[in-house]
Every structure is written in structure tokens, then in C-alpha cells.
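Residue numbers (this note's numbering), protein chains in the order written: chain A, 2 to 357; chain B, 7 to 318; chain C, 439 to 1043.
These are calculated hints, taken from the structure and not from any lab test. No experiment lies behind these values; they were computed from the predicted model shown. Cβ coordinates follow ideal geometry from the N, Cα and C atoms, glycine included. Treat each hint with caution, since some may be false.
[Stated by the list, open to error] Cross-link-like lysine-lysine pairs, in silico, BS3-like; alpha carbons within 27 Å at most:
| no. | chain 1 | residue 1 | chain 2 | residue 2 |
| --- | --- | --- | --- | --- |
| 1 | C | K730 | C | K661 |
| 2 | C | K464 | B | K179 |
| 3 | A | K58 | C | K463 |
| 4 | C | K696 | B | K59 |
| 5 | B | K223 | A | K243 |
| 6 | A | K62 | C | K1016 |
| 7 | C | K730 | B | K179 |
| 8 | C | K661 | B | K179 |
| 9 | C | K696 | C | K661 |
| 10 | A | K125 | C | K592 |
| 11 | C | K810 | A | K125 |
| 12 | A | K64 | C | K810 |
| 13 | C | K464 | C | K696 |
| 14 | C | K704 | B | K179 |
| 15 | C | K668 | C | K1016 |
| 16 | A | K64 | C | K899 |
| 17 | C | K616 | C | K661 |
| 18 | C | K591 | B | K179 |
| 19 | C | K730 | C | K668 |
| 20 | C | K464 | C | K554 |
| 21 | C | K591 | C | K610 |
| 22 | C | K730 | C | K810 |
| 23 | C | K616 | C | K589 |
| 24 | C | K1016 | B | K59 |
| 25 | A | K114 | A | K58 |
| 26 | C | K463 | C | K730 |
| 27 | C | K616 | B | K59 |
| 28 | C | K668 | A | K118 |
| 29 | C | K616 | C | K463 |
| 30 | C | K592 | C | K618 |
| 31 | C | K810 | A | K114 |
| 32 | C | K1020 | B | K59 |
| 33 | C | K730 | C | K1020 |
[Said to hold, decoys possible] Calculated from the model, a selection of chain A residues having no Cβ within reach of chain B, i.e. all distances over 10 Å:
| no. | residue |
| --- | --- |
| 34 | L28 |
| 35 | A75 |
| 36 | G110 |
| 37 | W112 |
| 38 | F132 |
| 39 | N190 |
| 40 | Y249 |
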Amino acid sequence: MSAVLTTPAQAPVQESPGLWMLAWRRLRQDTVGMVSLVIVAFFLAMMLASYTGLIAKDWAKEKGVSYANPSFLAGAENLEAKAMAAKDAAAKAPPVDLSDIDPLAPYYGEWQKRAEKIAVTEVKRAETLPFGGDKWGRDVLKKVIKGSEVSIFVGLAGALIAVFIGTVFGAMAGYWGGFINDLLEWCYNIFTSIPYILLILAFAAVAQATGSFGKGIVSIILILALTGWTGPYRLMRAEYIKHANREYVKAAQAIGASNRSRMFVHILPNVSHVALVQLSAHVVGFIKAEVILSFLGFGVPVDMVSWGTMLAEAQNELVIGKWWQLAAAGTSMAILVTAFSLLTDSLRDALDPKLK
Amino acid sequence: MTAYVIRRIWQMIPTIAGVILLIFILFNWVGGDPAQVLAGKISNPEQIANIRKQLGVDQPYWFQLWVFVQQVFTFDFGRSWSTNEEVSRIILTRVGPTLTIMVPVLVIETSLSVLFAIMVAYVRGTLTDRAIMIICTVAMSVSFLVYIIVFQWLFGFVLGWFPVQGWSESFWKNLFTYAPLPIMLAVFVGVAPQLRLYRSFFLDEINQDYVRTARAKGLPEKRVMLKHVLRNAMIPILTNVAIYLPGVFVGSFLLEVFFSIPGLGREIITAVNRSDFPVIKAVTVYLAMFTMVVNLLVDVMYKFVDPRVSFK
Amino acid sequence: MTRRLAMLALAVLALALALPAEAQKKVLRMAFRTAETGFDPVRAYDRYSVGICENLFEPLLTYDYLARPVKLAPLVAESIPEPEEGGTRYTFRIRPGIYFVDDPVFKGEKRELVAKDIEYTIKRYRDPRNRAAYEWLFENKIVGLDELAEKAKKTGTFDYNAKVAGMEVRGKYIISFKLKEPDYNFLYILAMPNVVPMAREVIEAYGEDTMGHPVGTGPFVLKEWVRRSKIVLERNPSYRGFELETRYADPNDEWDRKAMEDLRGKRLPQLDRVEIYPIEDEQPRYLAFLNKEHDLIDETPVSFIQQVLPNGKLAPNLARQGVRVFPELEPEFTYDVFNVEEIVDGRENVLGGNAPERIALRRAMVLAHDRKQEIEIIRKGQAIAAQSPVPPGVVGYDPSFHTAAQDYDPARAKALLDMFGYRDRDGDGWRETPEGRPFVVQYKYNLGGQEQRQLAELWVKSMAAVGIRVETLAVQFADLLNDKRVGHFQMAGSAWIADYPDAQNFLQLFYGPNTNQSNEARFRLPEYDRLYERSLAIPDGEERNRLYREMDRLLLAYAPVRLGVHRIFNHLQYPWVKGYKKHPILYTQFKWLDLDVAAQQVAMK
């Protein structure tokens, strides 16, 4: 026996890369996935820029004539704008006098003086806009940018809430089992037995009538989330059932972790990749659903614009030859949704290599 | 096995109860007073109260709920509040047009998707595979609404190949004149997602051991695909189709609205807009029950098809 | 074998020869804008169902097809009665020899139309079981009827056998009505297509199904009905027929000339069959007409008007096909109401009451609203600015009445607001009340229509330009009706179409006691009500027009309403449709139309 213990040359300690690192590496090698990621990132950046007012802040300004042609169609006829310009004040009979019965009569003099002092600025409207104008003369390009912001926000927020609800319920059902599981399964069965359009219409009608879902954009997000939690719930529940009996959970119990801790500190990171893929898929689904809801009239409020409202407006514009709003909203939506879908696929592949 | 079926049927009851409760709460809480719609241009509150009495909505909630439950068991939901037509008749007459569109859609869509999926699975991993998948994704990202608007304009109006809209009495005229454009539209939009899904089913099978064995045995690839993979993949495929069945009855309300097809989907939208509660109740309850029955049948079928599956 | 083949060939040939004879039937195809509900005149409540009833049933009076301004004409009655006893008694004599269509209920007998049949219908209106939407026509009108209706409400059944003092049936063909108060518009009520004599046996036999079993005396019968999808009318084979009345035709009007030319010497109705398809969505309805799947389109959707009438003239591609366009200024009134109650939903209403600053706010909002954009962009020029609630073409309309108080003038709006203290003190870009409180005005509109949404957009934009904050709320149709009726709103849009061609039908919209019914603004001004009540008691004339003028001025001064527009509708027909002239009050014109079948067949190839 040697008295001196020579420490053998240490092999360099290799940190075994975690799930996420591995996934990221795999994703990096997926060209399609990376391109999609870049596109999605671009849209998100655009969304932030629009939200903070850096771009498209004046989307609602009526810069152009009604249905202004796109610049690349500058010479084309615009009957609508011509019609508007052609109307002039027709000769009318002298206006009726109200002064003997009008409660405002005593103020006529001062009123007239004040009115004269107020300057009225007439803004000249542009004949063409970069990608055309809508019926009010608003710039379609700016509308599309602002619309992206709203639509993506609705999709993201809705998906986040839906996946959150689904995960929490799924965790509770999968982990606890028993009565809680039965109760949640009952809820799930009810929601999935009712035809989806009926469910959406019912919730949308509730939101409209009672305003209990909050105003404006919040209500449509809640409608989507409250009808869309079932998918994530199903999958997360299955995951939790699988994991609840695994050894590492038992080990966590042994070291005294509470139930809640076990559910969300130990198990959740191991199943979060499923949640992420669900999130991504639902963003896509909700963006598409928002279009349908806007068509039915349940969409975002009047002073906001979204892809859905643009497409709903564009419905009748195609037949009269004004195709640019349809093209702009349809194309930008198609690009984002395609990118998001491909990203979802790549994420799924990257996170679960067995599926190759 | 019988015990399983009975247990499942028994489990349906709380679900139906839940559906009834949910619909009742939603539409009574918010449903919009149908008496307002029926009351005409000049009505005093007395007349409106009279209408509510005629419709039975002035009764206390628990009474109305009890009536609802009774209706579910007798399958008699009375008459529509806006047209006075018997609800069962409404549903029966509307289901026909919806099915005339949706059944061909289901059949064609499934056949095409399976066919393309097998072809794509055959060339998996190649550029063609990737390209087709991307095309599918792009096709799926355009809103259905956009497709309808453009197709109707292009094929109906500009090219004149199909009538822009409409429906007739004759089944054959419907099938060959009015249905083709909506069917084509629905198939065009529906094949892409199905293709992706079925491709993944096929790939699942292809990676199984038995396929490797078959190849090792020397079977030509085509035989492997058609004889073994296809047959095994049919289980999840048929399961998927079965899950779509309730949706077939509801139809696509967008198609029905744009093409003026007097189907069930459009009826639902109209009923909600007019707060026509009897129709809403009936459609919801029937479809909920149908969905549950289909789910049960699918599970039972699974047992017969794949003996490894056991019932819990 | 050859012999059998020959027989077969002969049969086929015979069939082929028979078919063209079939094809000579005159079939008119068109679309309705919204779905129908049913064909019981008392129970139907939407325009389109009533329009079908117009062809299946016949009221005592109707309107002359060509006369403009509209003129009453006798139909089932022999003549138009003169008002007796100061406008409280009207006596009708029914023409003998008018028969209902055959129905199994009549057990093979021919059933003649008699005076009792109109008495029965009016009683049906007051029967609570029918929940008739037009019950208001006979409320507080005929002596003795209200008491019977009260009894029916208490007992639950209406006693149809009880005699009503105000409806005297004298013999088989004569009925005399006694009214509680003078009403010079009573004749119009009896010209409405849903106030028609009906056979009691039929109603009692069909019970709940009367909507689908209309049995009348009209020129058409209901052949086929696929609810909300297809309505088919066919010529009533036992109808007595009539010829076009040309007494009131205007030789200078091209439509009158053409109608007279097309229908000269012809026995009406000429159409064999009418097929109607309810299509709610605009694009398919419009495209169906363009594709010649329909022969005419009533109320061309406004969205496509620039395609049809670029710069006001018919588009060349349509003109080449011989399409004709009938522009009609409908006797209707589209407007926005302010709820002028002081307290709304338990809170103080910044628009309510008649204090000068409140009036100023309403008037300023009206001045700031860009009506030109409404007309040009949303309505594509298919409307005229309303100068009063009364549309042109209606008795009592004053063409010389013109106001500037509702014209777009943001400078005057701002001046008015500044003057009364509505200023932006806290710098947030929105004005506060004179007391310094911030305020928001809520505008409710109908869910599900693009046009409604755009009107809401216009309000938001226009008010924002002068610093007033408007928030909008989309509401379900039924809920909006309710909200407007009970005053659960601040601002909302509305429209009213003439039930009968008299100004009274429009001015009653602001009559105090009509609050909770049609007076959605809840406007209660004693001077206005006094003038209105006085106008009820006198017939049309200089005196009544003077009263109407005063009422209009009060509305402009107190501004419970933004007057809005009277809409123009464009009706298109293909050249093979003959005899067309859109009537402002009648809903359909099937009985006067003819069809050139050969031309129709050629064009459809």
C-alpha cells in the first residue's frame, strides 16, 4: 500500500446538459425552425414597437381619400373617392329659424363670435397610400402593423391563460386523483360535449351582455381562454399521472417537500416542454379564432383594429375590386401563423427527440 | 365488457346534467329576452309580459329547469320561439343539407389525407417531405374566412363554374350543382391538418419493431407500407375520424352562411342571435349525447381491434 | 325488340316535346334580405313574412299600383268609405263573390268572404295567445274592444263570440266601425297587408300551425315552404283576376309608361310561380343576381353600390344587359337617439334633461357628427340628410322645411362646448363637465353588422375630434331592443319605416306618452305633446302642416335626436321582368309583374 495517494489525472468534469440546452442545440440545427424563430421574433419586435408607439401610432388618422389606391396602382380609377368629391352643397331653401323657441337663443351672439375665432384646418387627403387605404382613408400598412399587435397579443394572452388554467387543473387532477380528478373530469366532459361554436357563442354572448368579462380586448381574451383550456388540461393531466409515481417525486417527498412544492417545483419543470408546445399551438389557434369572432361581431372594440376586423371589413371589398386590405391582413397573418406553426413543430422535435 | 358499457352509460348522466346546467345558466343569465324580439315595433311592457307568459319564461328558474330536464327525457323540446315550428322538425330538416355537404367532405378529405400521408411517409425525411409539410402549414395559416371569400368570388363569380350560392329541393341537384364548391373549399382547407396528423401516425408505426422485422424478412417496401403499416395506422386514423363525427352534424356554419345552405350550423347561429332557447337547448343536448355515445363506441371498437387494450 | 325500342323512342320524344310546354311557365326568382318567420298575418312580425301575406290574403283596401303620391284603392271592399260622425265611424261594404282558396277545412264547399271575417281578424289581434306584434294598431281604437281584451287577459281565453259595440256587422257584407276618438288615418290601417279578413274555421282547425297554412283569397297560394330557405308561391287557379288600373298613371313617368305598355290588355296576375330565397349575407345575395340566378334584387346591398351605379349612372356591363334600376327614397327615417332622462341606470346622465348646458351638449354633439361621411362612406351616397323625422313621399311632408342646426360644423360645436364650460381642464385631451367632472358617453349598437359597427366608429371619431369621449358597446339584437325600450342606454341608433304614409307615424316617435314603447328618447316636452294631440284630431291640410312644422322646430331646438338620414334603395331588374314599379308602402309587386320567358331562358344559358 502506498502511503501517498496519487490523485489520478482527473477526467474533465462534463456537465451533463439539461433538457433545455439539448433542445436548443437541436433547434439550432433545424434550419426551418430557426427561420421561423427569426420571423416570430420579428413580429414580436414589431408588436412591441407598435405597442410603445414607435410605429403605426397614427394608424387611425385618415390620411388618404376613401379607398385610396396603393402606390403601385397609382393610375387606377377610384370611383368611391370621386363620388365623395363630386357631392357638393345643393341649393337649399333658407334654413328655418329657431330663435323663438330655442333655449339657446340668448347665446346666439356669443356663439357666433366664438365660432368665428376657431380655426378649421382642412387637411388635404392623399390620392394614394403605400399599400392603399380603407374606406375611411386610413393607411392599410399602418393598420396591418397595429392589427398584428392586437391579434398577436390576443393570441398570446389567451394562450397563456388557457395553458395556465389547463396546467393547474391538469396538475391537480393528475397528481391528486380521486375526487378532485372526478370533479375536473366532469368539467372537462361538459366542456367538450358541447359543440365548440355553441360554447364560444354562449360565452361571447355572456361577455357582451353582462360586461362581466371586462371591457374590450380583455373580454375576447377571456372568452378564448375559458373555452380553450381543455386541450392543455388533457395533456398536462396525462403527464402528471405519469410523473406522480416516479421515483424522483417519491424522493422529494422523502426530503419533506410539500404537495404543492412537489407539483410545481419538482414535476413542473419536467413537463413544461409539453406546456410550451401547447402554448405555441394555442397561440396559432386563438389568432385564427379571433378572426372568426370578429366576423361574427364579437371581436375587439370599435376603436381598435385587428386582423379579424380588417378581414371582416374586406369581405365586401373584394367584389368592388379593393383587394389590398384583404391581401395585407391575410398575408401578414399567414406569415406569422406559418412561422409559429413551424416553430411549434421544431420545438416539439427538439424537445422530444424520440419522435423523429 | 357489458359491465364496462353499463358503467360508461352510467357515467354519462352526470355529464348530461352538467351540460344542461351550464346551458341553462348561460342562456338564462344572458340569453337576451326573446320577448323583445317577438314584440314588434310598438309594444308596451304589458304586451311584453304577455309574450313572456306565452313562452313560459316568466316562471321561476327552478321550474324552468325542471321543464328542461323533462324535455331531455321525452326528447320533446317544444316549438321554436321565433318561427313556432316544432324543434324536432327543425333539426331533422336541417341535418339533411349539413350532411349532404359534410359526409362527402369527410369521405374525400380522409381518403385524400390518408393517400397523401402514406405517400409522404414513404419518402420521409426527403426534401419532398419537408416541402409538402411546409406547404400544408402555409395552407393552414390562411383563415378559412379568406378562403371562402376568395373562392366564392373566383369560382362562382369570376369564372362562373359553380353557382355562387343556393340550395334546392332535389338531393341530386344539391349534390352535383350546389354542394361541389363548398365541398371543394372544405376539403381544400381540411386536408392539410389531416395530412400532418396521419403522417405522424404512419411515422409512429414505421418506427415500430414489427416493421423492421418485415423488412428484414425481405418484403418490398411498398408491401410493408400497404399491408402492415397502413392496417395498423388505421386504428388511430379511424379513431380520429370518429372524433370528428359529431362535428359533421354541426357542419361548418361559415360555409352555410356564405353559401346559403339551410343547415344545422347556420341554424345554431340564428337561434343564438334570436335567443331562441328551445332550439339551442335541443341542439346542445342532442349533440352532447351524440358525442358521448360516439366516444363510447370508439373505446369499445378499440377493444375489439386491439386486444392488448384493457378496460379500466 | 325493335318495336319496343321504337315505343321507347316515341315515349322519349313525347316527353321531350312535353317538356318545352312545361318550360313556358313564368317563374320569378328573387331573394329576401332576412329570413321569414311565417304566414299567419296576425302572428307574423317581420316585413318579409308580411310581404308574402300580401299575396296570399286581401285586405279591405289597398293602394293603387301606379299612383304617386300613394292613393288608397278598394280591394275586397266595394269602395273607400267616407269618414262619418267626425271621423269616428267608417262603414264598409264587402264585394260579394270573393272566395277563399279551397282547403280541406271547408269540406269541399266554396267559402265566400264575408264581413264577419274582418271582425274575426281584429279580435285575433287582441287575443293574448297570439302575442300579435301589431296589436297596438287596435289598442284604444275601437269602442268595446279594449274591454273584451282585458277580460281575455284575465281569463286566458278570448271570447270570439262576444259582440263588440264598435264593430257592427250588418248582414252578410256590411261592417261598420265606431272609433273611440276621431282618427283620419284609420283607413290606412285597413290597407295594411296583415289586416285581412280570415276564415275562422281555418284558424281553429290549424291551431298552432297557422303560420304554415295560410288560407286566403289572394292571387297566389303557398305551394312550398322550406323554412328560412325557400318560399314558393303559385298562381291561385280560382282567383278572379283583374287588369291594371291606369287612372292615376303619370304619362311622363317612364316606369308608368312601360308598365302600361307591358301589361296592356293582360289579365293579372301573369306570373305562374314565384320562388323566394332568404339570403341574409350581402355578397351571396348580390352575386346571385349578377349570375342571373335571380331575376331581380330589391335593396341592392349598399356595399356594392359603386359597382352598380358608378358616379350615379348604371354600370355599363349592367346597362348592356338591359338591367333597369329603380332608385327609391324609402319612406323611412334612420336616426340616433339621446336618452334625455336625467337619471339613467341609477346614475346622473350627462345628456339628460332640458337645462341649457345639457341641451348645448346634445346640440354640440349633433353638430360635431360628420353626417357627410356617414352618407358618402358608410351609405355610399345612398341617403339624403333628414331635415325632420318625416320622409318625402308621406302625407304631411314639407319640402320647404330645411335646417342648418344638424349640419356638420365642428367649429360651432367647439364654440358651443367652450361657451357652456365643457373644457379640458386636466389636460388629458377630453373635456369635462362644467362642474369639472370627466365624462364618457356610451353608444350602444347592434352586434353582428358591419354597417352598425362603422356607424359606431364614426361616432367615436367625430366626437374625439371635438374632445368628447364616446365608448361603444355591441349588444345582441334582442337586448338592444329591450335596452332602448326601457331606457337602459345613453345613445343608440334606430330606424323607423312607415307603417302607413302619414307624418303622424313618424312624429309619434317623440310623443311623451309613447315612452317605454316607440319613444326611445323618452322625450317629454309638454308643448310638443300638446301640438301632437291637436294634430291627431284634424285631417290633412294647412292647419295640420302648421302644427307639424312647430313640432319639428321643437325637436331641432331640444335635440333629443340626431336626425340622420332617409335612405335610398336601389332595386334592379333584368329586362325580361315586365311591369315593375316599386311601391313605397306595398312590400311586393308580384301580382302586377309579367315575365318574358323566352328572354329569360336565353339569358340564362
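query = So which of those numbered hints doesn't the model satisfy?
reply = 3, 4, 5, 6, 9, 10, 14, 17, 18, 20, 21, 22, 24, 25, 27, 28, 29, 32 and 39
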